[in-house]
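Undergrad: Just so you know, the sequences run in chain order A and B. Residues in the first sequence are numbered from 66 upward in steps of one, following my numbering. Residues in the second sequence are numbered from 49 upward in steps of one, following my numbering.
Think of the hints as simulated: they come from the structure by calculation, not from any bench. We put the beta carbon where it would ideally sit given N, CA and C, even for glycine. Please note that the accuracy of each hint is not assured.
Claimed, not checked - Using C-beta positions, here's what the derived DEER-type ranges look like:
#1 B:K293 / A:A75: 40 to 46 Å
#2 A:R212 / B:D328: 55 to 61 Å
#3 B:D328 / A:G169: 34 to 40 Å
#4 A:A75 / B:I372: 52 to 58 Å
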Amino acid sequence: MAAPDSPSTALRRRDLCSRGIRLAGKMRADVVDLLDTYVEQQGLDASASVAAVEGVPLAAVERWDEQTGTQRLLENLAAYRAFRALLAQMLEEQREQLGEADAGLGRALAAVLLQVSAFAYHLEELLRLESRGVPSEEEDGPPPLPRLSLFEQKLRGLGVLRELAQWAVRSARDLRQLAKPSPATGTGPGLAESP
Amino acid sequence: MFSRWNWVACGFYLVLIICSPDASSGLVQSCGHIIPESPVLALGSNFTALCILNESCLDFGNIYASQIIWKIKNRVVPKEQYREINRTVSSVTFNDTSLLATPLTCNILADGQIEQNIYGITVAVGLAPEKPKNLSCIVHQISKFTYDMTCTWNPGRHTFLDTEFKLKYRWPEQVFPDCIPKGVNDSCTISDTQFFVNTEIWVEAENALGKAESDRLVVDPVDIVKPLSPQNVSVSSGILPTVLKLSWENWISDTVMKLKFNIRYRITGDTSWMEVPSEDTASPRTSFSVQGLRPYTEYAFSIRCMKEDGVGYWSNWSETKTGITTEDQPSKGPPIWRIINVGHSPASWIVHLMWKALKPFEANGVILQYEVTVRDKSSPSSPLKKYNVTSTNHTLQLPEGTYEVTLVARNSVGASPPSVLLIPASNSKAPVKNLTTLPKHDKLWVGWTAPNSYVLKYVIEWCLVSSSSDCIIEWQIALGDVQGIDLKGIKPFKCYLITVYPLYADGQGSGQSVKAYLKQDRPSKGPTVQTKKVGKAEAVLTWNHLTVEEQNGFIRNYTILYKTIDGNETVVTVDPSKTEYTLSSLTSDTLYTVRMMASTDNGSRTGPDFTFTTQKFGKGEIEAIVVPVCLAFLLIVLLGVLFCFNKRDLIKKHIWPIVPDPSKSNIAQWSPQVPAKHNFNAKDQMYPEGSFTDVSVVEIEADDKKSFSEQDLKPFDLLKKEKSTSEGHSSGIGGSSCMSSPRQSVSDSDEGETTQNTSSTVQYSTVVLNGYRDQTPVQIFSRSESTQPLLDSEERSEDHAGGADSTAQRQQYFRQNGGQDENNTDRPCFERAKQITHGNEGDLVGFVQLQVSGQSSQPLGLGMEKNTQEAALSNVLQTCTEGQTVRPETVEKNPLSVDDMPKSYLPQTVRQGGYMPQ
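Chain A with its partners taken away, still in its complex shape (with noise of 0.2 Å):
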């Protein structure tokens, strides 16, 4: 169980989760104009269905609303760092084929890979505060990643950015989640919130 919060730790906490929120806003924002300029750009259908991507964290969780603000905290950096090396090879890769050629959907690419740090740096500092420690990477991080075929790899980046578009908005309500007040901070289930 976390101690109570001291009023710095509470402002800490909340001017935390306020800036998560508006980063997984933005990240959301910057993931959604990203997919449009990377199916454009690697010749895929924006309608095409992709199967569930070896390595991508689901966002989609049951019983979400029963979750401890520490395990959204858990689960959030877990798919975030995901998302950072999956980002990283996917900004490699893209930098393979296309080299400088589309110059534009590196700098994007390199964006959310930045947003994507900055929101797990966000999440292991309210894991800090929560007094709780911050799992190491390598415990917690990915496998690593299978080589594929050129379209796997296409459609695993397609299947990358949605994923962490629908991350971006489950975050966003995580945080404000979390940064509600309660008695008990971070232990008690948050409050249902309508997507």
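Knowing the structure of chain A, use the given hints to seat chain B on it.
TA: Chain B alone, transformed into the frame defined by chain A:
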């Protein structure tokens, strides 16, 4: 020179080294080196350098540390700074590195005083970097998704060294690449800035002498964003004429940053902006309806934005977009006024109605027409007269009376409220009081005191006063509660006539006028002065007023400046209403220069000089001199006359000698054929002893025949000259024929024969020239039939007459008168004589000249002067009768021709004291 020797030494040393036994170890081997090698030194610090000689060179070159010479560039360092540490090491010390320069060389003074360079180093002197200060960052939005963060700082003092500045930033667990400034040392821009993470930013400055870091700045870049201004701004008019809707697009989505806005607007053409209250636009939006605008007015809009919470920076103002509100009906009626002129027929007016176009904010649209309605209030039953006018004036011809004029302006939306002007039959109401003006910069303020009655409004008329054109009236209406307005468009240095009329509910007050200038200047020319009248000690100056265009202000006074050529200038100030002034106390007969100056409040201007000379005599002076002189002269004359009157007996005795009357002589009594003719007069009494028979006496007034008396003398003189030649001839009775007129002479000529016949009866002719002393003798012609010598008594009487003075007032001429009219016989001869002898007047006295028209004439003088008189007179008579016929009565009796006369008569020229018998 020194440098050349250095090169020589170096060359020599190079050859020496190459040829040395150790040359095999390298191409060039130095005989020493300096420690430290290329140091970077702090400015102002101490510095010591060592020059270490190689042992191999000691033996070969026989050189030691004591021979080392230190140089900065080519300047030898003083030996006080050297220190020989051992035989191969020499040091030099500088207490202040600011004295150092590059290169610092170690040299050897070899044998033969040849200086050889051993080694050299470059020395860099500078400062360690200071801590960068005032670090600040701003995130500029470059595009919708791109944000660049630019940080600036104060790099501190100049270090004189290559100093590297790095802008460092990082997240707690992520370090980003440093931002290296390019070309500058006080700013750097980081691209792809990420928001919502606190970023630690600092600046690191580093050079060879040290490193310094600025304070750390921790900031979420989203809090220092300067967003792009909203784009695609558009303005659209709404339903209401006072509303315009402003729409735009934001560059930043709400998910990233919520924005608030500032909207400013102004009427196109205005310079000042109005702003929509900030609280109305403090929330995210993409449109806003601006209210409270004027109908049918073009507005310009601009908008800017910043983060909603106010943390960060305002964007730049967007580009200006304009929009026009829709029309509305005019908000007020046009101001209306009138000018009334008397019509052609009596009791009628020509009313010029004029009104001002509504201002745009009053018209609220395009005025399509004006509707004028005239109602005759003096006869309410008369119908209304309506006129639709598109201009701003209308002229009506109306009978005198009271009228109410209503004016309405109409646009596409509707009509304005009516403007009502009451035109009373007479302006009998109270006027304004204390009308004054006051210039205020470029406006002229007109103020007045309101009448006691309630005034609806005031009409202020003004016009530019001109001497060459009519006053073109401008006017303005002021509300009844004001007591002054500013007139605009007033030109400086021009005279304006301003009239204020109060308008009452039931009439109009009479106008009060004042002349005013917005700004005065000195007159553009001075008055031209001239004299109207110049006297001895005064002069009346006159001049014309300057025209209003020349005045440039109110003429406060005229100044007359006058002086003599060498005198001081006298100044006289004259009231500006006058056009004439009299200068007094002037010096007579003196040249004066006068000029005139007109003055306004702002200066004066002098007119041209005018000169005049005062008169020598004053008015009446000449009369005062002449009149007394004349009076004195008259008085003297009067006294002389009185004196003469009192002494008349004595004078008469001298100038009026006693002439014997031949009729009373014994000769007359002796002649039996001729009855004695008694023609007594005063002379008869004066000459009681003598008597004349058949003698006519002609008295000639001296005044009437002044020239005669003078002219008479000339032929008399001629007679004297011809005396010798004519002596012995008889003058006969020609003397009396001299008195005959030419016409009469012609008739006489016809009767010449008769004359000859009668002449035979005349036996004696006597001519008596009477004079006294030097006076002109009185010429007396007498013809006597007597052949007897005159009595002694008669001769004595002629002694007095022969010496008569020529200035005698009266002269008597005697001739033999046969009853002829004296006027006919005398006059032509006198007149002619007067003409000819004009140049010799005064020389002679007792002159007679005879001339016959159409014949050669000779001056014929009759005179008697002692012994010469006979010859002269005979000649005269002969000459005079050559061309004419003498027609005395006696001639008629003797019809002999004159030529024959010497044969028949031998007239005697009687000398004083006796007769010459013929």
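Undergrad: Given the hint of 55 to 61 Å, check if R212 of chain A and D328 of chain B actually sit that far apart at their C-beta atoms.
TA: holds, 59 Å
Undergrad: 40 to 46 Å was suggested as the range; check whether the CB atoms of K293 of chain B and A75 of chain A agree with it.
TA: holds, 44 Å
Undergrad: Should the hint that D328 of chain B and G169 of chain A are 34 to 40 Å apart at their CB atoms be regarded as holding?
TA: Holds - the Cβ-Cβ distance for D328 of chain B and G169 of chain A, about 39 Å, lies within 34 to 40 Å.
Undergrad: For A75 of chain A and I372 of chain B, compare the CB-CB distance with the range 52 to 58 Å and indicate the outcome.
TA: Since A75 of chain A and I372 of chain B have Cβ atoms about 55 Å apart, the given range 52 to 58 Å holds.
In summary, the structure agrees with every hint in the numbered list given earlier.
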